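The listed protein sequences correspond, in order, to chains A and B.
Residue 1 is where the first sequence starts when you use the numbering used here, and the numbers rise one by one after that.
Residue 1 is where the second sequence starts when you use the numbering used here, and the numbers rise one by one after that.
Hints were generated in silico from the structure; no laboratory data involved.
Hints are not guaranteed to be accurate.
[As the list claims (entries may be wrong)] Not close to chain A: a few residues of chain B, all C-beta gaps over 12 Å, as computed:
| hint | residue |
| --- | --- |
| 1 | A12 |
| 2 | D96 |
| 3 | L159 |
[Said to hold, decoys possible] Sample of chain A residues facing chain B (criterion: CB under 10 Å; computed from the structure):
| hint | residue |
| --- | --- |
| 4 | I11 |
| 5 | P48 |
| 6 | T50 |
| 7 | K53 |
[Unchecked claim] Dumping the calculated DSS-like pairs for lysine-lysine here, alpha-carbon to alpha-carbon at most 25 Å:
| hint | chain 1 | residue 1 | chain 2 | residue 2 |
| --- | --- | --- | --- | --- |
| 8 | B | K133 | B | K118 |
| 9 | B | K127 | B | K93 |
| 10 | B | K93 | B | K133 |
| 11 | B | K9 | B | K22 |
| 12 | B | K263 | A | K103 |
| 13 | A | K92 | B | K263 |
Keep in mind the model is a prediction, meaning the values are calculated, not measured.
The beta carbon of each residue, even a glycine, is placed where N, CA and C say it ideally should be.
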Amino acid sequence: MTQAWRDDQPIWRQIKDRVLSAILDGGIKEGEPLPSVRQVALDLQVNPLTVSKAYQELADDGLVERRRGLGMFVIEGARKGLSASERNTFLKEEWPVVVTRIKRLGLSAQELLKDIEGNGQ
Amino acid sequence: MTEVLISAKGLAKNYGKKQALKPTNLEIPAGRIVGVIGANGAGKSTLLNCLLGLSDYEGDLQVMGMNPLMQRAVLMEQVCFIADVATLPRWAKVADLLDWVAGLHPKFDQAKAIARLKTTTVQLDSKIKALSKGMIVQVHLAIALAIDARILVLDEPTLGLDIVNRRGFYDAILSDFFDETRTVIITTHQVDEVEPILSHAIFIRDGAVTLDASMDVIADRFLAVDVLDTQKAEAEALRPLYGRSLLGRTTFVFDGVAPDQLKTFGEPRRVGLADLFVALAQ
Numbered sequence: 001m002t003q004a005w006r007d008d009q010p011i012w013r014q015i016k017d018r019v020l021s022a023i024l025d026g027g028i029k030e031g032e033p034l035p036s037v038r039q040v041a042l043d044l045q046v047n048p049l050t051v052s053k054a055y056q057e058l059a060d061d062g063l064v065e066r067r068r069g070l071g072m073f074v075i076e077g078a079r080k081g082l083s084a085s086e087r088n089t090f091l092k093e094e095w096p097v098v099v100t101r102i103k104r105l106g107l108s109a110q111e112l113l114k115d116i117e118g119n120g121q
Numbered sequence: 001m002t003e004v005l006i007s008a009k010g011l012a013k014n015y016g017k018k019q020a021l022k023p024t025n026l027e028i029p030a031g032r033i034v035g036v037i038g039a040n041g042a043g044k045s046t047l048l049n050c051l052l053g054l055s056d057y058e059g060d061l062q063v064m065g066m067n068p069l070m071q072r073a074v075l076m077e078q079v080c081f082i083a084d085v086a087t088l089p090r091w092a093k094v095a096d097l098l099d100w101v102a103g104l105h106p107k108f109d110q111a112k113a114i115a116r117l118k119t120t121t122v123q124l125d126s127k128i129k130a131l132s133k134g135m136i137v138q139v140h141l142a143i144a145l146a147i148d149a150r151i152l153v154l155d156e157p158t159l160g161l162d163i164v165n166r167r168g169f170y171d172a173i174l175s176d177f178f179d180e181t182r183t184v185i186i187t188t189h190q191v192d193e194v195e196p197i198l199s200h201a202i203f204i205r206d207g208a209v210t211l212d213a214s215m216d217v218i219a220d221r222f223l224a225v226d227v228l229d230t231q232k233a234e235a236e237a238l239r240p241l242y243g244r245s246l247l248g249r250t251t252f253v254f255d256g257v258a259p260d261q262l263k264t265f266g267e268p269r270r271v272g273l274a275d276l277f278v279a280l281a282q
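Can you build the whole structure from these sequences, using the hints too?
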């Protein structure tokens, strides 16, 4: 399968994001191993160093740990920490952009909330 | 410390008055996949031929600690070379070919090659001329990957192959050859296709190496951004390498300008090797 890589981010960053999503939506559970660097490199047809870099970043973020001879494992509590940091990122970076757009379009809070509740039911 | 497999100092090659390769310094350790990128006649093949001991040269060159001209026979036990895959003798049978390689090459594992071919549609008693291009690639791969080489040199390896076979070719290199003890050197015009598997890129232009860097460094150094005409002068003040106008915007490529500085114009993005090659050629 051909991978479509976006050009706004380095490939290692996009691989890291995919692992983050997998942890968030439970595709890879806490305590479970990440697939081997070699396997991911082959599946995605990328250089193994690129995968290693993504994994190293995840380890630096404290989300996975290297177990000698066994590979990388998602640490306990990674998902909770990740949801918290995702929420934080949303509120700090994405929400202000949305708010600016809401103001520009002149939408009222009532109109917006009605939609959210409507979809929720 | 990673072992250095190829080391060149002042490596140069002249054909009469023409300088095919200007004095070049290179150091290539194990564990890399290096793309050598350049136009036709830029000096890519000259460089590969020097590394392989197929051409004499000036300057100092060591491949696996050996002099490729003086110790070529020993060196070829460690180095494997695939040029354009369509060059096997057409009149030979696959099985005969494997026998000859076994007779010629001390490190060729014939059983491994046969095992690999058994997983393909190639029949050992077929003649090469009866095989499709895809099957010929399989024969090439079976021979090359059954040699326990440290350096694999690929010169336009997938020329004339369809997409499926090209992918299969690089799949096999990644899964059955490459690891941290080995190095692969690839020249190809299908840059986009090999870019994701490269760890390093070397650009050659008019016989000179114009860029020799890891993909990480390239991603950090070079950024492109689309600039509105109203901000064009401001962007040009940051000395872009290259600019191309389209529909009221200009795409500029910058070298070593911080992403935060570029964000005032738009979202910076990484530059593909093919675009970078064009930008650096300006």
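Against the structure, the hints:
{"no.": "1", "hint": "A12", "verdict": "holds (30 Å)"}
{"no.": "2", "hint": "D96", "verdict": "holds (33 Å)"}
{"no.": "3", "hint": "L159", "verdict": "holds (19 Å)"}
{"no.": "4", "hint": "I11", "verdict": "holds (6 Å)"}
{"no.": "5", "hint": "P48", "verdict": "holds (7 Å)"}
{"no.": "6", "hint": "T50", "verdict": "holds (7 Å)"}
{"no.": "7", "hint": "K53", "verdict": "holds (7 Å)"}
{"no.": "8", "hint": "K133/B <-> K118/B", "verdict": "holds (17 Å)"}
{"no.": "9", "hint": "K127/B <-> K93/B", "verdict": "holds (4 Å)"}
{"no.": "10", "hint": "K93/B <-> K133/B", "verdict": "holds (15 Å)"}
{"no.": "11", "hint": "K9/B <-> K22/B", "verdict": "holds (11 Å)"}
{"no.": "12", "hint": "K263/B <-> K103/A", "verdict": "holds (23 Å)"}
{"no.": "13", "hint": "K92/A <-> K263/B", "verdict": "holds (18 Å)"}
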